[in-house]
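Take each chain as given, in its own frame, and dock them per the hints.
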Amino acid sequence: MSEKFDAIVVGAGVSGLAAAYVMATNGLNVAIIERGRKPGAKNVMGGVLYRKMMEEIIPEFWKEAPLERPIIEQNFWLLDHNSVVKTGYRGMEWADMPHNNYTVFRGKFDQWFAEKCVQAGALLINETAVKHCIVKDGRVIGVETDRPEGDLYADAVILADGVNSLLAKELGLHTEWRKDEVALAVMEVLKLSADKIEERFHLNRGMGATIELFGDGTDGMVGTAYVYTNQNHISIGCGALLSQMSERTTTPYELLERFKQHPMIKPLIEGAEPCEYYAHLIPEGGYRSVPPLVRDGVLVVGDAAQLVNGIHREGSNLAMTSGRFAAETVIRAKEANRFDRQTLSHYERLVRESFIMKDLKKYKTASKTLEDNPDYFHHYLPAVNDAMKEMFTVDGVSKSEKQKKIIKRFLRNKSVLGAARDGIKLLWAVK
Amino acid sequence: MHLLVCIKQVPNTNEIKIDPKTNTLDRSGATSILNPYDAHAVEEAVRWKRALGGTVSVLTMGPPQAKEVIQKSVELGADRGYLLTDKAFAGSDTLATSYILSTAVQKIASSIPVDLVFCGKQAIDGDTAQVGPGIASRLNIPQLTYVERIIEIKPEQQTIKVQRHIDGGHEIVESKLPCLVTVEKEINELTYAPLPDMIRAVRYHPVVWSVSDLDADINAMGLKGSPTAVKKIFTPKQRAGGEIWKGKADELAKKLVPLLIGDVLSCRQ
Ligand SMILES: Cc1cc2nc3c(=O)[nH]c(=O)nc-3n(C[C@H](O)[C@H](O)[C@H](O)COP(=O)(O)OP(=O)(O)OC[C@H]3O[C@@H](n4cnc5c(N)ncnc54)[C@H](O)[C@@H]3O)c2cc1C
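Going line by line, the protein sequences match chains W and U.
Going by the working numbering, the first sequence opens with residue 1, and the numbers climb by one from there.
Going by the working numbering, the second sequence opens with residue 1, and the numbers climb by one from there.
Some clues are possibly wrong.
Computed list of lysine-lysine pairs in BS3-like fashion (alpha-carbon distance at most 30 Å, straight line) [claimed, not checked]:
| id | chain 1 | residue 1 | chain 2 | residue 2 |
| --- | --- | --- | --- | --- |
| 1 | W | K86 | W | K266 |
| 2 | W | K38 | U | K67 |
| 3 | W | K38 | W | K131 |
| 4 | U | K246 | W | K42 |
| 5 | W | K42 | U | K87 |
Partial list, computed: chain W residues near chain U (C-beta under 8 Å) [what the hints assert, rightly or not]:
| id | residue |
| --- | --- |
| 6 | T128 |
| 7 | H132 |
| 8 | L152 |
Calculated Cβ distances over 10 Å to all of chain U for the following chain W residues [unchecked claim]:
| id | residue |
| --- | --- |
| 9 | K38 |
| 10 | F61 |
| 11 | T145 |
| 12 | S345 |
Think of the hints as simulated: they come from the structure by calculation, not from any bench.
Built from N, CA and C at the ideal position, the CB exists for glycine as well.
Bound-form chain U, shown alone (with noise of 0.2 Å):
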């Protein structure tokens, strides 16, 4: 088996604050780390690596400091890593940066076929779970978002089968491979890499392309190729607290009731 896993570099948003007067985003300070989502990804990748017997390569697109992420990954267990760097892909939108990584994915799979494509569910600094369904359908591949168990994947017969978190419930979906999944983080724990992968990953230098490396059109990418635009940041309204009334249980619900009901008939006018 062929795991590939595509992850992003993303600033810690626990750490990032905004600027109350210009709305803009204060990434100083931020430091960066591995999508929470994708280490999902890479750790549910080198699970069935190891059941399955196989490879797990991690992708990133970002600038070389990117490094860091495909390090972490080597931590988790992937065995390679792919690092696509050049300024022509600097400020891609989720347009761009889907086609850019689907031409790395194609020129991997060209040299080792790619059985099966893990993405996180979402990347936390945009929250916007395009990229990896972008990247499913450029590869004409059936795509499995929001996975929260993978029940089974059979080799000989190319299927596999899983769990998806939807509204209100659970999905059950077979499908074919290759296919493209995204994960949630319940899919299972992180393990504590041992301290061989550690060395391993500190010593690990990726493989590097730049755009000449790879089939693409120019002007698919970076700003020219990306037809997003942010209008507008804000910071939404802080709501007002609520009310917190002590007392009896029934005198409460007295007092209680005649509100709701109010609040709902102004609701219906």
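Looking at chain W on its own, in the form it has when it is part of the complex (with noise of 0.2 Å):
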């Protein structure tokens, strides 16, 4: 039998980094698994990375990381086909360091990432991908890879192999996700010098901003879209779910043409050069969706186990966090030498008490509402353009009329108490 390691991390994305580094440091003997050519290079982010869950795995990583621009501003559009309204925070706190979030490429960062990894004394295994656990007796003892002699044991297994977890779905922890469980995302990255993006969106030297923006952006299906400012490239993108995805004719290479050319947009990017073009799917299933984690030596993190706060964006941050949750759980089991489901459900535990499970929990109805009543996109989204050009407008009607004029929009074939009910319905789910 081939050597046997205290753990195996499947997939180098950010999840699987954190658990590796975590275990690494703490003297066990780790084995890093990654399909791709290197870290880095099958995954896709938008992407803003969260400081603070970041900086609880590598203290002060700022300092050396691969990081864009750190974020001063987050704008949030509510964006109809020729208007948009615009609301959105900046602050100079953000400013100075440690800084609240950045923009990274992830094909840069996680390559970063794993270095440390094994400067921590991880194996880092690239270009093998594992096809199964090995299960004896119920229990998960290692993985079996596309490789010749390919066959690897460790006490645990932790399964961080993204969206699709084949690994998972064969372990029977999930069956294939529904489509209005994934959100399919596309994202471009182009290239602008740093002046124009710091004088098109009113930067300070080397400051960034996000953009989220809802509505026209995704053609109205339930989803975001979004403008991230890297050093010398935006990254743009949409994502919207796959059950209404798949309804339509439209690619998402359309979807996502028609919003760079939207005339909100297309000043932005005036000039841009595409470099890359990714399309990937989001979990966004949310707290219902979200398999058990453990079995008898395996434990599942990232967004191979749904943890996506989709109405937030966050999705490397949970995915960190529970690596480290899934990584400090199988330092205890060794300690125990125990690696039973029993042992391992103190992972489930700590996701569970921390942020990550409640805020799913506290959106856990957001994207449900969202697509079963289409006229808050359709109907309501568009009113409050109206709503806001009407008040803006100067022509000589009183603004006494102009409210009357733009409550009788909002309400169009409503009740009062329907356009109520579906305000605290909305309300109620993304609070």
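The following block contains the structure:
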């Protein structure tokens, strides 16, 4: 039998790397198996990386990690065909170290993170895919890779293999995700000089901004579109529930092209050169879709466990924190030399008691509420745009008359009660 | 048998762009890989090692991260790797590079005699195909270039028989060992490395030599030892697309023939 490890981590995304780093720095013998040419080669993210959760794994990482721009301004836009209502926040406290969050390129970031794991003593094996978990007497005891003589054994296996997680599925932890449990996201990286970025987004040197858009960016489908500033690039993308996307004849690529041509977006990206294009799934099932997180000898982390807060486009932070919790659990299990489900359920408890499950629980009906009530995107969002236009257009009509007109349009075909109910439902879902 | 393969880390040329304004290579974003021809050279050496017994060593010159291509070779089954890295080597052209590598081959051979040196046909970042032959002539051993098949190696008789790719055909040649071969991609199919070799590769640390480890003349290396100068880099003009005619074959032929004849006549003039 080949060498046995304390733990095998499948997938070198942020969740897997977080787990590997924490275990390796605590002296465990860890192997990371990644199917891509290098970590990050297959990882897609917009991407805003949150400082707090990364710092809990590598203190002061911002001093050496490859980061693009610290974010000092976050915007939310309600986008209609030809107009937009903007809100947002800019705070100079975010300009000071340590920053709140950063844009990153996962290709670079994951490679750096993986290098830290290797320095901590983890063994990183690239270009190797795990095909199955090796199960003996109901216990996961290792993995079978696609390489000759490819079996590898460990006390614990951490599945960090991303949204599709064929491995967790094979173990029966979840079934195929339903189409309303995942969003299909497409994104492009556009090259634009730092000067132009800073000019167009009104940024001080080196600082960054994000825009999250609801409405026309996804052609009215439940989802979001976004524009993020990197050092010399713009990340732009949009994503919508697969259930809605698959009903359309437009391809995801066309959706993104349409978004890029939008009159509110076009000036921001004028002259920027496309460099890369990605498409990827994002787990959006939320609270109700989270599968059992442990079995005898195995733990599931990150996207593989549906740990994404879609409403707040948070995924990487939940991934990292879940990876850390899994690692802490395996370290404990190693001390007790017990890797059964009961011992590993410590991980489930940590996840449940943390912001991860609390946030997912809070937003558990958000996506569904939006999907079941197309009026939010098709009626109310344009109506908000109309209301702003009405109030700001000076045309001799009195303001109170304007207000009456706005309310009437808001309520079109609806009773006051019906509209109030819609409002409360939405508030309840995303409050 | 001691089989020694010279390898090079190159930027993945599929990912390199030429800036149309400045005519310079934009290597940003390009990843580094083991020169594809060299991968086949390592594979071939490993196959013969398995058939005849012996050791496969690999040798590369480059920056410290060129260690990656040695590890890649270990994945493919190489046993040992030597990395030549020193500021004094930087900027070496093919003349200086083949000089430095040949001194390293001699040093390696002084502890375990080398029977066969392998190189890739050429490196995809320069396409010169000069370094292999350069090493052979400095070592004063026969060179067999563009090898697409090694037919046999007879260790007792110290001979090798290969099939070379030549313009319009093949050539079968025999040579005495030691000699140097440069290989085409057609020579073999890369095998998917077994997991234990992957693990060994990740853990492998090559022997690292700097200029002081070699018996070499410092004036014959680096920029000083490199007479080659790049005058200009440019993107060739795109050729205009051809015309496509649709219709009946005989009618099209009638239209085409006069044109072809016209072209031939104008060429003759
Ligand atoms: C377009 C887009 C934009 C996003 N924007 C943001 C954002 O701005 N902020 C944010 O916080 N989150 C964002 N997310 C979500 C975030 O990217 C994910 O939540 C996060 O990457 C999850 O990390 P992970 O480690 O669980 O999975 P991944 O990052 O997907 O990593 C999984 C890894 O496992 C490997 N793998 C899979 N199967 C196997 C196998 N069988 N064998 C070996 N290796 C395997 C893969 O190659 C991959 O490297 C975005 C996602 C998308 C798609």
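Results for each hint:
1. With a CA separation close to 16 Å, the supplied pair K86(W) and K266(W) stays within the 30 Å bound.
2. For a cut-off of 30 Å, the pair hint linking K38(W) to K67(U) stands: about 15 Å separates their Cα positions.
3. About 18 Å separates the Cα atoms of K38(W) and K131(W), which keeps this hinted pair within 30 Å; it holds.
4. At roughly 44 Å between alpha-carbon atoms, K246(U) and K42(W) are farther apart than 30 Å, so this suggested pair is violated.
5. A threshold of 30 Å between alpha carbons decides the hint, and for K42(W) with K87(U) the separation of about 34 Å lies outside it, so the pair is violated.
6. Hint status for T128(W): holds, given a least beta-carbon distance of 6 Å to chain U, under 8 Å.
7. About 14 Å separates the beta-carbon of H132(W) from the nearest beta-carbon of chain U, more than 8 Å, and the hint is not met.
8. The interface hint given for L152(W) holds, since its Cβ lies 7 Å from the closest Cβ of chain U, which is under the 8 Å cut-off.
9. Consistency note on K38(W): stated as away from chain U, yet its beta-carbon is not over 10 Å from all of that chain's, at 8 Å minimum.
10. F61(W), annotated as away from the interface, keeps every beta carbon of chain U farther than 10 Å; the closest lies near 22 Å.
11. The non-interface label for T145(W) is inconsistent with chain U: the shortest C-beta to C-beta separation is roughly 6 Å, within 10 Å.
12. Residue-level check passed: S345(W) sits 31 Å from the nearest beta carbon of chain U, beyond 10 Å.
In this structure, the earlier hints numbered 4, 5, 7, 9 and 11 are contradicted, and the remaining ones agree with it.
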